[in-house]
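> Assemble the complex: chain A is given as a structure, and chains B, C and D must be docked to it using the hints.
Protein chains in written order, with my numbering: chain A, 1282 to 1686; chain B, 1282 to 1686; chain C, 1282 to 1686; chain D, 1282 to 1686.
A couple of the hints might just be wrong.
Pairs involving identical chains hold if they fit within one copy or between any two copies, as the list cannot separate such chains.
What the hints assert, rightly or not - When the alpha-carbon atoms are kept at most 30 Å apart in a straight line, the in silico DSBU-like pairs for lysine-lysine are as follows:
#1 Lys-1430 with Lys-1659
#2 Lys-1679 with Lys-1538
#3 Lys-1286 with Lys-1599
#4 Lys-1356 with Lys-1430
#5 Lys-1286 with Lys-1356
#6 Lys-1679 with Lys-1430
#7 Lys-1358 with Lys-1288
#8 Lys-1599 with Lys-1654
#9 Lys-1288 with Lys-1679
#10 Lys-1358 with Lys-1286
#11 Lys-1538 with Lys-1654
#12 Lys-1659 with Lys-1597
#13 Lys-1286 with Lys-1538
#14 Lys-1507 with Lys-1678
#15 Lys-1599 with Lys-1581
Bear in mind the hints are in silico, worked out from the structure with no lab data behind them.
4 protein chains.
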Amino acid sequence: MPSTKRKIINDPVYGFITINHPLIFQVVGHPFYQRLRRIHQMALAQLVYPGAVHTRLHHSLGAYHLMCQAVLELKNKGIEITPEEDVAVKAAILLHDVGHGPFSHALEHVLLPGVHHEQMSLRIMEAMNEDLNNQLDLAIQIFTGNYHKPFLHQLISGQLDVDRMDYLTRDSFFTGVSEGVIGYDRILKMLAVQDDELMVEEKGIYSVEKFLIARRQMYWQVYLHKTVLAGEKMLVKIIERVRYLYSRGEAASLIIKSPVDHFLNHFTGEMTECSLEEFCRLDDEDVLFGIKYWSRHSDKVLSTLCTALLNRNLLKCKVQEEPVDENFIAGIRKDIASRLNISEEDATFLAFTGEAVNTTYKLGDERIKILFKDGSVKDISQVNSPLIHQTLSTPVKKFYFCALA
Amino acid sequence: MPSTKRKIINDPVYGFITINHPLIFQVVGHPFYQRLRRIHQMALAQLVYPGAVHTRLHHSLGAYHLMCQAVLELKNKGIEITPEEDVAVKAAILLHDVGHGPFSHALEHVLLPGVHHEQMSLRIMEAMNEDLNNQLDLAIQIFTGNYHKPFLHQLISGQLDVDRMDYLTRDSFFTGVSEGVIGYDRILKMLAVQDDELMVEEKGIYSVEKFLIARRQMYWQVYLHKTVLAGEKMLVKIIERVRYLYSRGEAASLIIKSPVDHFLNHFTGEMTECSLEEFCRLDDEDVLFGIKYWSRHSDKVLSTLCTALLNRNLLKCKVQEEPVDENFIAGIRKDIASRLNISEEDATFLAFTGEAVNTTYKLGDERIKILFKDGSVKDISQVNSPLIHQTLSTPVKKFYFCALA
Amino acid sequence: MPSTKRKIINDPVYGFITINHPLIFQVVGHPFYQRLRRIHQMALAQLVYPGAVHTRLHHSLGAYHLMCQAVLELKNKGIEITPEEDVAVKAAILLHDVGHGPFSHALEHVLLPGVHHEQMSLRIMEAMNEDLNNQLDLAIQIFTGNYHKPFLHQLISGQLDVDRMDYLTRDSFFTGVSEGVIGYDRILKMLAVQDDELMVEEKGIYSVEKFLIARRQMYWQVYLHKTVLAGEKMLVKIIERVRYLYSRGEAASLIIKSPVDHFLNHFTGEMTECSLEEFCRLDDEDVLFGIKYWSRHSDKVLSTLCTALLNRNLLKCKVQEEPVDENFIAGIRKDIASRLNISEEDATFLAFTGEAVNTTYKLGDERIKILFKDGSVKDISQVNSPLIHQTLSTPVKKFYFCALA
Amino acid sequence: MPSTKRKIINDPVYGFITINHPLIFQVVGHPFYQRLRRIHQMALAQLVYPGAVHTRLHHSLGAYHLMCQAVLELKNKGIEITPEEDVAVKAAILLHDVGHGPFSHALEHVLLPGVHHEQMSLRIMEAMNEDLNNQLDLAIQIFTGNYHKPFLHQLISGQLDVDRMDYLTRDSFFTGVSEGVIGYDRILKMLAVQDDELMVEEKGIYSVEKFLIARRQMYWQVYLHKTVLAGEKMLVKIIERVRYLYSRGEAASLIIKSPVDHFLNHFTGEMTECSLEEFCRLDDEDVLFGIKYWSRHSDKVLSTLCTALLNRNLLKCKVQEEPVDENFIAGIRKDIASRLNISEEDATFLAFTGEAVNTTYKLGDERIKILFKDGSVKDISQVNSPLIHQTLSTPVKKFYFCALA
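So here's chain A without its partners, still in its complex pose (with noise of 0.2 Å):
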């Protein structure tokens, strides 16, 4: 006789979100999820979106959602999924990005060196895994892919887990790109379990490949767009110039009492308690502020940086698929050094190039397996279709040029 609580959150991209077990309760009313309130999914895409400043709270929601119509899918399939996995696959999703900092991918190895978001969330898991009386043990082994069901875990992060169809329909619907439109309900529709693995049956096949399309077409035209590179750069460059001045002395100048102090200025990249704990009170808000704050420092390159960021008068972007020119950059910044009376050394930050990898996508050896009628398995690569074959083998690499105008 279910009297628990419930409660239904209106999604504007599913309609309607329900909450109704104890411990999802405790896991979204957790001040670390409540964190990622304030932390944008698209770091600083809304430069040319404006309707992108969704959150990765919100996120996270949409992939809880997808959770739970994919568990029930496959529960009316026959798949034996008990109640505590039930549960702990969906509090293990609502938590799989819990470890993202401030801008997400846009400064990801920049504020904290050498750490991964996974293991973030890893860690905040265990921190809140004390708080809740090891009630997410079993949420903790699916997330890790130490549980003896490996589909659960790949429904978290595999090439076609929940966090993915969220992402790409969310940050389509924000966005307002039609092109990254994908048809998540059939999908979902179409997975299916066999030998624990999570497969998709043939029937779902045209939708595989319009989630590979509309993944790599989000990829160029909205995460990789080089206006919103060119915003993310700076924000970089920003954090970089940062440290330098740190690293100057000049630390009076540049603390703004907030944790994101501690990673400018002490951190090392080794996790420490004292880290960890400042990392949960860290967050894009951090970051904002401090950009006000620099935006008025004495140090002109940093101050130049800040400013224009602030008012979106953007550093101009170039994405191109050979590697830019060394020489032509080197003219670049003589111009600026001359122009703002600054170094040649200074003007690095002010133009600069780089890789435009998709740190987004996770795309590595993971594949799609395609379920049969017959019964057979065959991986997606093996699948008789032009376009996913092209999709798979599209290169993810491109060079991009940012130079103050």
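Same frame as chain A, now just chains B, C and D:
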């Protein structure tokens, strides 16, 4: 021969928004306008509706888009609108909200006592006008209602203006509350002008009916949702508590090196040049950063409020039709004071009551005019629609009571 | 271990509709059900709303989908619904409209004088029950309101049943009239059962309000749109004229070798086995084909009506709140008679008046029950919402007048 | 001073469609155009996608709407389009499909052997032109490609015309197949004209990519879905069987007193005045009525096919990449002949094979031209996009096999 620069912006609500006039580019590119990117349209509504994180900048762009359509429709109907008026009314709508401060209505009259956001919009438009060589003269005339074609002003600010049409549509879209959906495109098609006054064709009466009801439903279901109210009133109490502590000489522990310091400590209600300059650097981030900072303050009341708001651990809130009994509140306060070991005066920050009034809507005496097929014009209150009468006469005041659980 | 056949059907309104029970497959595959594919849901509304060509079959599937969700919600809330009841209530909703004849409400009581479509639904369900070895026994019990759990019947036919929820949603979708959008998903989440009666939780009150208003707006803006009315009344007049000509002995020129011949010539109001069999072969096509055929008939009145309807050259129609003056109509008829060189009696087919009443909605005395948090139950008319009172007491009758231009 | 009549039509796909020119009113009001109301856009796709019952009239209106937007965009970009050209190109797109017969592509070349629907469109436009005092002269010139501004013709019929943009968008909308969603609004914004040729700006390349992929996905997932194919091929076999029976002298039992009789019995391939007149009275209803009538015919093959189609009891269908083995088919036919006690020749109507080719799309040698920022123009096949190359070179032929189960 239009060879001007032209830009299209993706909007999940309307599809594409087009910018194609040099003055519009200048307005949108101005730092005062870009500042709206850092002010949430719906203050803390996201505590209940996680998708409602869209910005004032996005709303302004949307209202601008509807204005483009309205102007086109009216021209197609033979109404004379000169090219100068065309761009001026578009610039004016872009800037109609430029005077909003942090968290818009939620902190209006709190951060800047005695200052209305429309006054500020005018001040900032005037400042921007200086930067733009008086190109905004006509826009300002229209905005202030001093132009000889009143319908242009009414498109910006009236009972059925593009501001309202956009925010209902946009807020409904981002919250996912279908009750707020209006037929904005139909209303736009039904706009008419007679004797330089804006009106709606008779055939549009059902859409107007729908608009008024949607407004009323959004009012109670979203804007004055008791949990949203709780969060926003906590915000107010935080500001009041900081002011109180300032007045007790605790400035050193409160200053966060942000323009908000000025308004918390020094601001007298007079909008000097200096205050205006500080205001133009002020946005949601300053207040949010403050809350994070003050959550570790030694004042128990302040830290309690800040921590609770950050972690979405909100005061309990009740909305009712009758005023709240003073004795009841006094009892609650006594209890809180004893539990937290604070004075009863301090407890007034943690248990309080007030009127839930709609500050979002201007329910003034402006009226919607209906143009009948026979050429006659009636005020909507004279139209034979019981639903409209009912909606127009619905009371707009309730009473709320918030207290620490 | 569910290894049953399972089918998903694309629905533009809800995404996917799932069929996964053998009995449901049998019902959907039965010729009596497939016949609904050839009956338009909205009769001639497509003359004004070109998208409104969806079928009764599509509506039935949609109502079935909502029923699946409603049943799931109620079960999740601890209401006992046995597997037999589960499938029975779904079969019943699939078949609730199976007794509709050509053009549904537009010709109800015209083609089959004295026969209500719900009676026919029951007759056809009984016939189908024979084919299906009495598997529909329980469905019929629920449909007729003879089952000891009234809430199951109320889900099919009540003030807030899934039938109404689907047709408002679907008709609004296919017409593109946003005024008819309701929050069906929210209403479904708010359904509750107490003492075996269906009710709505207090929190759902705004959605119910919205539902009632949407219904009223669709009523006047779409279902009784004057042009739709004109078309549908022409349809009625065509049938009446054919009957009149039959009575004058002109059968040979009227017969189209279709089951409709039976109902135009022989049907007495008694639904014999033979009439039932003819009815089950009858659909919109028969009437449409007749219209095309009779458009070349030698009777001027008949050919005029048929040709005009085919070419959407409709009678002029006026809807008003007062009855139409008889002298006025007489004058018009005289004029038409003289212009067309026909008798004044004949002219009554080309100029006529009547009451526009809502036959689509059952505005009976069934009531919506609201379940309050404290466990008390109130009828909606006792709830403190002026809008609801207004809507419930809105008159449902107007007068129309149609005449050849 | 535009004081012309003006009408807006609700369209669930685009919102509102505006008609505001006397000639457009005349075209839309003409019986030849209204006939499209009785021809389904997607033939029998509704057997799989129940929502896909929209009409050719609706599609024409939609294409007209996109044309209005395209023309406006081009004018805003400085392309000269005179008022006469403006209305002519809109009239032409409204009429581009006016020559479609019952069930469009499914019966093209079957009911009228040797006649292409575009020829018929031209014939009917010419007939309508007579009724309209040659007001369609320019529209016909543009439609036939004989006007000196080719881009106007290309908007109607080219690789990226508004016809295709509408049907992909509309068919995807009504089927609910998200894979067919295209960014039509973005493509329209990216249209350009150079040297009187229609092209797409470089920035629109992703949208074109998406468009081509969507087309391919709709092709295989919807238009050539094996169940849709089964239904449509049964339709063909019904027509062929009726013809065969006519040739055997069984006219009396086949005639349904409809224009379709003419095309089943007498039509020789030559489109005489008489045939044209009959054609203009012919639509889906005639064929559907025939099927209902013939479902009770004494010929077992004919009645079997008709009854099966009516009850959606379709032939089993298999689509494959290789031609179907003739011996295999022969075996199946033998089996059917023996089961039904018919000749093996008769069984060819109940078990047959053929090529599934895309007759919907004109995959001719027309090409999409891309306009680069530097002013150069390239054919899309020269653009660096592996996905586009892949899509353009995808084979368009498969083989199907249908047989009575």
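> So, for every hint listed, does it hold in this structure?
Structure-based check of all given hints:
1. In the homo-oligomer, the alpha carbons of Lys-1430 and Lys-1659 lie at most 30 Å apart inside one protomer (20 Å), although the nearest pairing across protomers, at 50 Å, exceeds that limit.
2. In this assembly of identical chains, Lys-1679 and Lys-1538 lie within 30 Å of each other by CA distance neither inside one copy nor across copies; the values are 38 Å within and 41 Å between.
3. With identical chains, the CA atoms of Lys-1286 and Lys-1599 are at most 30 Å apart between copies only, with a shortest distance of 19 Å across copies and 53 Å within one.
4. In the homo-oligomer, the alpha carbons of Lys-1356 and Lys-1430 lie at most 30 Å apart both inside one protomer (14 Å) and across protomers (28 Å), since each shortest distance falls under that limit.
5. Within a single copy, Lys-1286 and Lys-1356 get their C-alpha atoms as close as 23 Å, and across copies as close as 15 Å, so both meet the 30 Å cut-off.
6. For the identical chains of this complex, Lys-1679 and Lys-1430 are neighbours neither inside a copy (38 Å) nor across copies (40 Å), given an alpha-carbon limit of 30 Å.
7. When the C-alpha separation of Lys-1358 and Lys-1288 is checked against a cutoff of 30 Å, the pair qualifies both within a copy, at 27 Å, and between copies, at 12 Å.
8. In this assembly of identical chains, the alpha carbons of Lys-1599 and Lys-1654 lie at most 30 Å apart only when taken from different copies (14 Å versus 48 Å within one copy).
9. Taking the closest pair of Cα atoms, Lys-1288 and Lys-1679 come within 30 Å of each other only across two copies (25 Å); inside a single copy the shortest separation is 45 Å, beyond that limit.
10. Taking the shortest Cα distances, Lys-1358 and Lys-1286 sit within 30 Å of each other both inside one copy (28 Å) and across copies (10 Å).
11. In this homomeric assembly, Lys-1538 and Lys-1654 never come within 30 Å of each other (Cα to Cα): the closest approach is 61 Å inside a single copy and 46 Å across copies.
12. In this assembly of identical chains, Lys-1659 and Lys-1597 lie within 30 Å of each other by CA distance solely across copies; the values are 26 Å between and 46 Å within a copy.
13. Proximity of Lys-1286 and Lys-1538 under a CA criterion of 30 Å is satisfied in neither setting, with 40 Å inside one chain copy and 44 Å between copies.
14. For the identical chains of this complex, Lys-1507 and Lys-1678 are intra-copy neighbours only, at 13 Å inside a copy versus 40 Å across copies, given an alpha-carbon limit of 30 Å.
15. In this assembly of identical chains, the alpha carbons of Lys-1599 and Lys-1581 lie at most 30 Å apart only when taken from the same copy (24 Å versus 52 Å across copies).
Checked against the numbered hints given earlier, the structure breaks hints 2, 6, 11, 13 and satisfies all the rest.
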